[in-house]
Amino acid sequence: MLVGADTAGVSAPRPTALRLPVWRTAVRRLAPWLLPVGLLAGWFLATDGFHLLPAHQLPSPRAVARTARDLLAGGELFRHVAASVQRVALGFLLGAGVAIVLGTWVGLSRFAERVLDPTLQAIRNVPSLAWVPFLLLWMGIDELPKVTLVAIGAFFPVYVNLVSGIRQTDRKLVELGQVFGLSELGLVRHIVLPAALPSLLTGLRIGLGQSWLFLVAAELIASTRGLGFLLIDGQNSARADIMLVGILLLAVLGKASDGALRLLERRLLAWTDGFGGVA
Amino acid sequence: MSRRRLLLLAALALVSLGTTARAAEAGPTEVRLDWATYNPSSLVLKRFGWLEEDLGKDGIKVTWLYSAGSNKANEAISSGSADLASTAGAAALLARTNGVPLKTVYVFSKPEWTALVVPKDSPLTSVAQLKGKKIAATRGTDPFFFLLRALKEAGLKQSDVEIVNLQHSDGRLALERGNVDAWAGLDPHMAAAELRSGARLLHRNIDFNTYGTLNAREDFLQKYPATVRRVLAQYSRAADWIRKHPDEAVALLAEAGKIDVDVARRQLLERTQFPDGYDFKPVSVALQTVVPILLSEKLVASDADPSKALSELFLERPSGTFLPVGSR
Amino acid sequence: MTAASAISAEHVSKRYPGGDFVLRSLSLEVAPSEIVTLLGPSGSGKSTVLRLLSGLEREHEGKLLVQGLPVQGPTPSVGMMFQEPRLLPWRTVRDNVAFGLPRTLSKELGATRVEQLLTLVQLTEARDKLPKELSGGMAQRVALARCLAGAPSVLLLDEPFSAVDALTRMHLQELLLSIWTHTRLTMLLVTHDIDEALFLSDRVAVLRGSPANIEETLVVPLPRPRDRRDEALGPLRSHLVEALRLAGNGHSHEAAEGPGGLIAGW
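Residue numbers (our numbering), protein chains in the order written: chain S, 1 to 279; chain R, 1001 to 1328; chain E, 2001 to 2266.
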């Protein structure tokens, strides 16, 4: 009957990873650090080294480190970081949540698209800082306008990518679901949403980045705490070192949160068959 | 004439031109300075064009920038967008302590422009009751320092209250909308709040106001001292005019600052004086009391030296002539 | 029309909106446990017949009956295999097969059935693999197992082996035959491969014309399992080649047929 498992076919299965020589792995591990270390060295040389820029415009790494230490010791740094992280977390969950609901609806229903999408696209083009005065006017100066602004930032990438992912679901898979007797709901649950997952995760990653951006915009005005507050406090008090502490922390936290999402993405999308870039 | 002789003549001509140039000060092509509603003299100058008239004779262009507060003015100098900018004395000290290379060259007013403001129907009657409350203030400006010193007097620290960072005009809005319990106000917004919404001044202290100072960027001052002198001469002229024409000055302030006449009147006539702009002594005395606040409230880096900055803040004036420190 | 027909098509016509008729008055009977092949050039409307029978397409003129009941939409008694495996890429092999199980089946019984099917198609070792790790032939075997998971009584197959190489194709045909031997499912197979038709079917119906109709039906009287080298296949083969050539002369560019139709048609 059947002579063993066949190996030839339409597409060959993926090859397993090769073992690389030791120095190649070392280079691979160090590669992401090249640019940051280079920038740090350049920064040091430009300030403490050759005094290319005045200290009040670009403080040296040492000055920034000292300020960071002071803020940490006083407990303020923790308070600022906690405030910002809280706002991003809440706003992102809120915005992404609403986006998933609306995006699923618009993705599935052409009628919903015709009703909702044009308005949403118009709103999408309003830049973050333009929202701030309105939100302050309508919602006061506490946490609500800040979290709302972050949610607005998170909403659009998630919404747009989800709708796109749903619409791009392979028609053949939907037909398959129909042949196997799936109801509309069953099709959505078992075929459309899983197929849209890669797009959704892309949207979430971009949305998270936007959340941080919109957070800073919100904290620049009417705040008492937060990393954006550090920026404007440094600006108001002629403390460039405080501004830099704020910027660096934003970079670190932004990268860390993106990294976490990336990890999730890798786990959830292990089944995708993309080309993955050249080695 | 031989080629070589021609070249020699040309070289001589250039050298002689150079020496003539060095004899007189090479002025800047442009002077950038700020105007603000808390600096009435700047509004007078801007309206009458006296600076343009005077400096224009030597082809120097005058560019005006708007400052929404001392914090913005300091930023303008720090970033090099302005050559001269007006701040409160305390804000100038803060900037210099933090490394901004500026020097106070003139005192443009002695105002009582800040106080703690509460809404009309506020139950608060003393500063001590502000504990745990929300107060709007613009960090890095005189109202902010006023607030800190008033709190200190009442035994409170920055961490005992919640200071919401809002620019002056937004602070007034927040007070009137009830978003904050109190506001470290600044004229004319403060006067406007009093006259329009019946806001009350919870706490006043004229000694906690640290004068209006005009500051110059150090490198600009070193390169063009004569030009700075000419600007200050016009500033004196403006102060003189205000003293002699109070009603017209009020109208001018109202129009240029886009505020109502009665607000302008309260700010200018009731709460601002124009002393000798070259007398730094009273400012220096006032700022002595600001030094400890800068350190205790951690407004400056932990290794900064506000006292040293204060000693270097003012332009030195040996007997009438006008020279930057360090050049003899 | 016999009351016992598993599949019955009577004067079925189909036209797509804005297009010409794809099928015109097509009639076909398939007896229970019979394997019938629809043979024809690409674009001849063969896939359309299957899509109508599976319930994926609804609009048509004429009568369509499966197991004596009119076709009103997809049902569990009719299984369909496509030209591509159409596996759900995010599910393992085992979960893909499980996708075909009836909703009412308990978890334990379902798991047992999945294992049995994987054994049937010889893929037990691959049960935890993802579709991206499978070869074309393996993927089609998973699709077949999935089809059988719902225990259908009729199997519709739309050029199921046209996308794999010749050797794999033969293995898959043998697998299909062995499944038929065990289950005696009624099968309606669509293909353009003459040898496949002769190896598997009881009868071969040749589709010709535009709009298409069954021009003739050839009976394959040989007992199973058939030897591909059997000389008796020769004349049957020649006959079908001739019939297909005639069919090829008259075909039009039917873009509406389905996967493979558009490119093959020009």
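The reader is advised that the hints may include incorrect statements.
[Said to hold, decoys possible] Result set (DSBU-like, lysine-lysine): computed pairs, CA atoms no more than 30 Å apart in a straight line: (1) Lys-1223(R) - Lys-1244(R); (2) Lys-2063(E) - Lys-172(S); (3) Lys-1057(R) - Lys-1134(R); (4) Lys-2132(E) - Lys-172(S); (5) Lys-172(S) - Lys-2107(E).
Hints listed in this document are in silico derivations from the structure and should not be mistaken for laboratory results.
To see whether the hints hold, each was checked on the structure:
no.	hint	verdict
1	Lys-1223(R) - Lys-1244(R)	violated (34 Å)
2	Lys-2063(E) - Lys-172(S)	holds (27 Å)
3	Lys-1057(R) - Lys-1134(R)	violated (52 Å)
4	Lys-2132(E) - Lys-172(S)	holds (17 Å)
5	Lys-172(S) - Lys-2107(E)	holds (28 Å)
Hint compliance for this structure: hints 1 and 3 are broken, all remaining hints hold.
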